[in-house]
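Fit chain A to the known structure of chain Y by using the hints.
Heads up: the sequence lines are chains Y and A, in that order. Just so you know, the first sequence maps onto residues 72 to 356 in our numbering. Just so you know, the second sequence maps onto residues 17 to 390 in our numbering.
If you are wondering where the hints come from, they were derived from the structure by calculation, not from laboratory data. Bear in mind that the values here come from a model prediction, so they are computed numbers and not experimental data. Heads up, the beta-carbon is just placed ideally off N, CA and C, and yes, glycines get one too. Please note that a few of the clues may not be correct.
Not close to chain A: a few residues of chain Y, all C-beta gaps over 12 Å, as computed [to be verified]:
no., residue
1, Arg-80
2, Val-91
3, Ile-101
4, Thr-159
5, Ala-160
6, Trp-224
7, Leu-228
8, Ile-255
9, Ile-267
10, Lys-302
11, Gly-317
Straight-line C-alpha distance at most 30 Å; calculated DSBU-like pairs for lysine-lysine [as the list claims (entries may be wrong)]:
no., chain 1, residue 1, chain 2, residue 2
12, A, Lys-25, A, Lys-141
13, Y, Lys-266, A, Lys-126
14, Y, Lys-266, A, Lys-203
15, A, Lys-141, A, Lys-199
16, A, Lys-135, Y, Lys-266
17, A, Lys-25, Y, Lys-180
18, A, Lys-203, A, Lys-85
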Amino acid sequence: MESTSLLERILRGVALVLVVVFFMFPILWIVLMSFQTNETILSVPPSVIFSPTLENYQALITGKLTTAAGTLDIAFMRNLGNSVFLSTASVLIALLLGVPAAYAFARHKFRGSEDIAFTLLSFRFAPPLLVLLPLSLYFQKLGLSDTYFGLIWVYQLICLPLILWIVRGYFEDISADVEYAYRIAGHSWFATFRKIALPLAGPGIAAAGLLAFIFAWNNFVFALVLASADKQPVTVGALAFVTASGIQYGQIAAAIVLSIAPVLALAIYAQRYLVEGLSLGAVKG
Amino acid sequence: MSESALQIKAVDKFYGPVDYGVHAVRNLTMDIKKGEIIALLGSSGCGKTSTLRMIAGFEPVSRGTIALKGRPVQMLAPVRRNVAMAFEGYSLYPPLTVRENMAFALKAAKLPQSVVDEKVAYIAKLLEIEDILGRYPSSISGGQQQRASLGRALIRDADLHLLDEPMGQLEPQLRAVLRGRIKHYIKERGLTAILVTHDQTEANALADRIAVMEGGVLQQFDTPQEIKERPANLFTGTFVGEPPMNIFEAALSASAETIRFLLKDGVALTYGAHEFSQEVRDTLRNRTQVVVGIRPYAVRRDDNGVKARVSVNQWLGDQTHIAADFAGATIVLVEHDRTHLQPGETIGLKLDPSSLHVFDTQTGAAISHGRALA
Numbered sequence: 072m073e074s075t076s077l078l079e080r081i082l083r084g085v086a087l088v089l090v091v092v093f094f095m096f097p098i099l100w101i102v103l104m105s106f107q108t109n110e111t112i113l114s115v116p117p118s119v120i121f122s123p124t125l126e127n128y129q130a131l132i133t134g135k136l137t138t139a140a141g142t143l144d145i146a147f148m149r150n151l152g153n154s155v156f157l158s159t160a161s162v163l164i165a166l167l168l169g170v171p172a173a174y175a176f177a178r179h180k181f182r183g184s185e186d187i188a189f190t191l192l193s194f195r196f197a198p199p200l201l202v203l204l205p206l207s208l209y210f211q212k213l214g215l216s217d218t219y220f221g222l223i224w225v226y227q228l229i230c231l232p233l234i235l236w237i238v239r240g241y242f243e244d245i246s247a248d249v250e251y252a253y254r255i256a257g258h259s260w261f262a263t264f265r266k267i268a269l270p271l272a273g274p275g276i277a278a279a280g281l282l283a284f285i286f287a288w289n290n291f292v293f294a295l296v297l298a299s300a301d302k303q304p305v306t307v308g309a310l311a312f313v314t315a316s317g318i319q320y321g322q323i324a325a326a327i328v329l330s331i332a333p334v335l336a337l338a339i340y341a342q343r344y345l346v347e348g349l350s351l352g353a354v355k356g
Numbered sequence: 017m018s019e020s021a022l023q024i025k026a027v028d029k030f031y032g033p034v035d036y037g038v039h040a041v042r043n044l045t046m047d048i049k050k051g052e053i054i055a056l057l058g059s060s061g062c063g064k065t066s067t068l069r070m071i072a073g074f075e076p077v078s079r080g081t082i083a084l085k086g087r088p089v090q091m092l093a094p095v096r097r098n099v100a101m102a103f104e105g106y107s108l109y110p111p112l113t114v115r116e117n118m119a120f121a122l123k124a125a126k127l128p129q130s131v132v133d134e135k136v137a138y139i140a141k142l143l144e145i146e147d148i149l150g151r152y153p154s155s156i157s158g159g160q161q162q163r164a165s166l167g168r169a170l171i172r173d174a175d176l177h178l179l180d181e182p183m184g185q186l187e188p189q190l191r192a193v194l195r196g197r198i199k200h201y202i203k204e205r206g207l208t209a210i211l212v213t214h215d216q217t218e219a220n221a222l223a224d225r226i227a228v229m230e231g232g233v234l235q236q237f238d239t240p241q242e243i244k245e246r247p248a249n250l251f252t253g254t255f256v257g258e259p260p261m262n263i264f265e266a267a268l269s270a271s272a273e274t275i276r277f278l279l280k281d282g283v284a285l286t287y288g289a290h291e292f293s294q295e296v297r298d299t300l301r302n303r304t305q306v307v308v309g310i311r312p313y314a315v316r317r318d319d320n321g322v323k324a325r326v327s328v329n330q331w332l333g334d335q336t337h338i339a340a341d342f343a344g345a346t347i348v349l350v351e352h353d354r355t356h357l358q359p360g361e362t363i364g365l366k367l368d369p370s371s372l373h374v375f376d377t378q379t380g381a382a383i384s385h386g387r388a389l390a
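Extracted from the complex, chain A is given alone in its bound form:
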C-alpha cells in the first residue's frame, strides 16, 4: 500500500487570471496511495469538482504539480493520463447504446471483442443494467443513465478512477446495495478511486479516507473515524455528522482542581481537572475564550446535570431527536429509545468531558478532543 497513486502538491486553481481570478482551490496538497478509495466531501462550490477536473486534465492547474504514479501530468492532455471518470451529468454519448457507451474506451484501447463483451456483461450485472444494454441514453431513466455512466468509468483499467457524485440519482435501496458492490469491485481489483460527494453516508461507507473541503481549502484529510472523533477544526466538526455537532461559545476559568466553561445565560460546565490530560490543562489555562462542541449522540440525560428546556421531540422510527433550549441556543441530542418528553419540559443534561471538543474561537482550529490534545 505504499506505492503513490496520486500526488497533489501545492495546487492552486484560479478561474480567470492567476492571483486575481476566483480562487477555487487553495494550496492543495494530498497524497493518495494505490488501492485507496478517497472521498472529497464538501458543500457546493467548495472546490471538490475543480480538483477532480484538474486531476482529469479538463481544467488547467494554475500553480503546483499533480503526479500520477510519480509521473507529473499537469501539462498532459487527458488522453495521456490514463484516468477514468464518471461524470455528474452522466455525459453518455447519445447516438450510442448503453453497451456501446460502456465499451468505447475499451475499443479505443483496442481490446479484443470477446474481452470487451465479457467486461460489459460483468459490469452490467454488477450495476443491474443488463436489461438496458441495447437501449439509447435518451430512452432510459436518470438513475439508469447514471449507472451506465458509472459503468463506463469502472469498466476501465485506469490508474485512477474519478467518480463525480456517482450515485446521486439512485433510489436509496439500490444505492445501499451498489455501494457495497462497487467498493468490493474496486478493492478486489486494487483500483484507486476518488469520489466526489456531498453525501456523508456515501463517503463514510465507501472511503478509506475522507478529504473535507471548504472554500477551496482542504480542511482535513483522514479516515472517517478520525474525522468523526477528532475533527481538525470547527468546520469539519460541524459539517461532518448528522445531526451536526452542538457548539457553544464559552469563557474559560481554570483552577488547580477544576476547569469551568461558562456558557451564555449563566450555564456553567464544571469538570475536575483530572478529566483532562496535563497538556490539555496547560493549554486551556492560557485561554480565556473557546468554543466547545459535543456530538448529539454523546449528550446524555442526567437529572443532576445542567438544565435545558425541551422544544422539539421527534421520533424518527429508529431514534429520537430532542432539541432543547440551552445556554441561549439549541442543543440537540439523539436517543435510541422512544421518549415521551413534552415541549416545555425541563430536563437535565450531562456533557461528558470525554466527548467534549474544544476549538479556538478565532481560528476554529481544534484544541482538544476529550482528554487529549488535538
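Okay, chain Y solo, but in the shape it has when bound:
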C-alpha cells in the first residue's frame, strides 16, 4: 500500500483510536471504579484522581460486605466458582454432543436432517422467559431444580445450537474429497473424522466453544429462576450488592472486573484461533 498518503494514514490512526476508546473506555472506567469507595464514585464531578483502595476486592474475597447498616455475608467467590463450573461443564457437554452432530448434519443429508437442525436452532430464538415457567414446573417435579445437573442441562439450550450451527459451517467448508482421499487411502470413517475433519475444523470448534462459553457465562435468567443462592453464577450473584442500605457500586465494579477477567483472558488467548478460523483454507502451513 505505497499509495496511501500521510493524511490517509493519520485519519486511519484517529479512527482506530476512536474505536478503541469507544470500546475500551467502559472497561477502563469499571476498573477505576473498582478501586474507589462508594463516596468517591458518587462524587460530582467524577475524578480520575483518587486514593485507590482494595477494600472492594477484600470484601468480595472474604465474603464480608460492610455497609452502613451492618455486615452482610456475600457468596461472591462461590458464585464465581459456580460460573466457572457451570459454563465449562456446559460447553464441554455441548462440544461432546454438538461436534459429532454438526459433522453428521454437514456430511449426511438424511430425511428430516434440515428440520432437526432447524429445530435445534429454534431453541435460540425462543424467548427464555417463555420456556422458564413450564421448565421450572417440570424441574420441580423431576427434582432437577436447584441442581448443577439441571442447570447444565438448561444451558444446553444456549450452547448446543450455537456450537452445532457454527461448527457445521466449518465442516461444510472442508472439501469432502479431502476426507474421501484419506478414507480411500485405507482409513476408517472414524479415523477420518478424528484425523482430518476435527483438526481442519479445529479453529472453528475453538471459536464456537469460546462463544458458547461467553454466552453461558453471561446467562442470567435461567440461573435466576432455576437455582438458589449457593448454585447461582456471578451474573445472578451480583444482585446481592443491591442492599437495603444502597447500591454498592464499588463492589459491583470489583465483581464485574473479577467476573469478566476469565472470559477476557480466554478471548485474548483464543484470538489466534478465532482469526485462524476465519481464514480457514486461505493460508496454512
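For chain A alone, kept in the frame of chain Y given last:
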C-alpha cells in the same frame, strides 16, 4: 488379459429417493479387464463422476452390483475396496507437505520407510514435482497440486486406480509428456485405471477403451478407433471427433441400381447400389427418412461433386478448416494444405460412400458405416 478387474452390472444411481430422485446413472453395465485403461468420456452432468464415486464407495449404489476382482463391493466402505483415486479438486491434506500427502496411503499400509521414500522419489521424478516435495499444498500452483494429487493415487498398489480429470490444470506441453509417462507407468505395472475426462485427446491417447456417456446412459464402450469409425449412435458420432461430424437429415429413395439421399434445398447424394453391401441395401430400402453423417476430414473437394458455398476459411497452422453452406446447413471440411478459398466462392464436394454414416432418425442408432451394417 482375461481376469476381470471391475464388473458393473445394471447399476442405477438416483440422487434422492430411488425411482423418484434425479436419475444420474441409468442401467450401467461394464466389464473392465485387469491391465486396461478406460476413459469415461462425456460432457458435464453425464454421470461419469457419479459412476467413479460409486466405484470408490463415496456414493451409495441405488441398484445393481459392482464387483472388484469378482468380489461384490457395493456395500463395502471405501477403505475395504483397495481402490486409489485422484480427485478433480486435488484434495490434498493442507497440514501435510506434498511428500507426506503422497506417502500417507503407503504409511497406512505400513510399508517400511525406505520403500516409501523410494516410491515417492520415483513418482515425483515421473511427474516432475521433485522440487516441491517439501512444500505445503497452499504454497504451490494448481498444476503442481494436481500432479501431487495424481502422484498420491498412482503411488499406490491398488486393484483399481480412479483418475478424475487428472490433467486438466496442466500446461499443454507438460500434459503431452505426462500422458506418455503415465500410460507407460500404468502399463508397466499392469495396473487397471479408469480415467474421467471431457478431453477427447486425453481419452484417445491414454485409453484402451473409451466409454462414452450421456444423460446417465452408456452410449458406447469401445476402442478409440471403433468409436471414431463405427459410432454406435448419433450422439457418439457427433460428440467424439474434432471438428464434430457433419450431419444432415435425408429422405431415402432406393432403386435396384442406385441409392439416393435427398437432403434439404434439393441437394441429392446419389450412389450406386453396389457401393453398399447387400444387407445395407436391404435395410435402407425399408427406410424413408434417415440422418447421414460424414466426418470433416472425410469430405473431399471435387469439381464434379455436389455444390456448396464457402462461408469461412480458417488456416490453423497445420490444417485448414473450411465451413460451407450446404443443404440448408453448414458442412465443415478439413484439409491439410493451406487453401485460398474466399467466402462466397462455390466449391464442389465429394461425400464418399465409404465414409458415410447412416443413423435412424428417431432413435439415433447407427444403421450403417460405409459399406457395412452397424
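Now the hints, each set against the structure:
no. : hint                  : result
1   : Arg-80                : 31 Å, holds
2   : Val-91                : 33 Å, holds
3   : Ile-101               : 41 Å, holds
4   : Thr-159               : 28 Å, holds
5   : Ala-160               : 31 Å, holds
6   : Trp-224               : 36 Å, holds
7   : Leu-228               : 33 Å, holds
8   : Ile-255               : 5 Å, violated
9   : Ile-267               : 7 Å, violated
10  : Lys-302               : 43 Å, holds
11  : Gly-317               : 58 Å, holds
12  : Lys-25/A - Lys-141/A  : 38 Å, violated
13  : Lys-266/Y - Lys-126/A : 17 Å, holds
14  : Lys-266/Y - Lys-203/A : 34 Å, violated
15  : Lys-141/A - Lys-199/A : 15 Å, holds
16  : Lys-135/A - Lys-266/Y : 24 Å, holds
17  : Lys-25/A - Lys-180/Y  : 27 Å, holds
18  : Lys-203/A - Lys-85/A  : 18 Å, holds
In terms of the numbered hints stated before, the structure departs from hints 8, 9, 12, 14, listed from lowest to highest.
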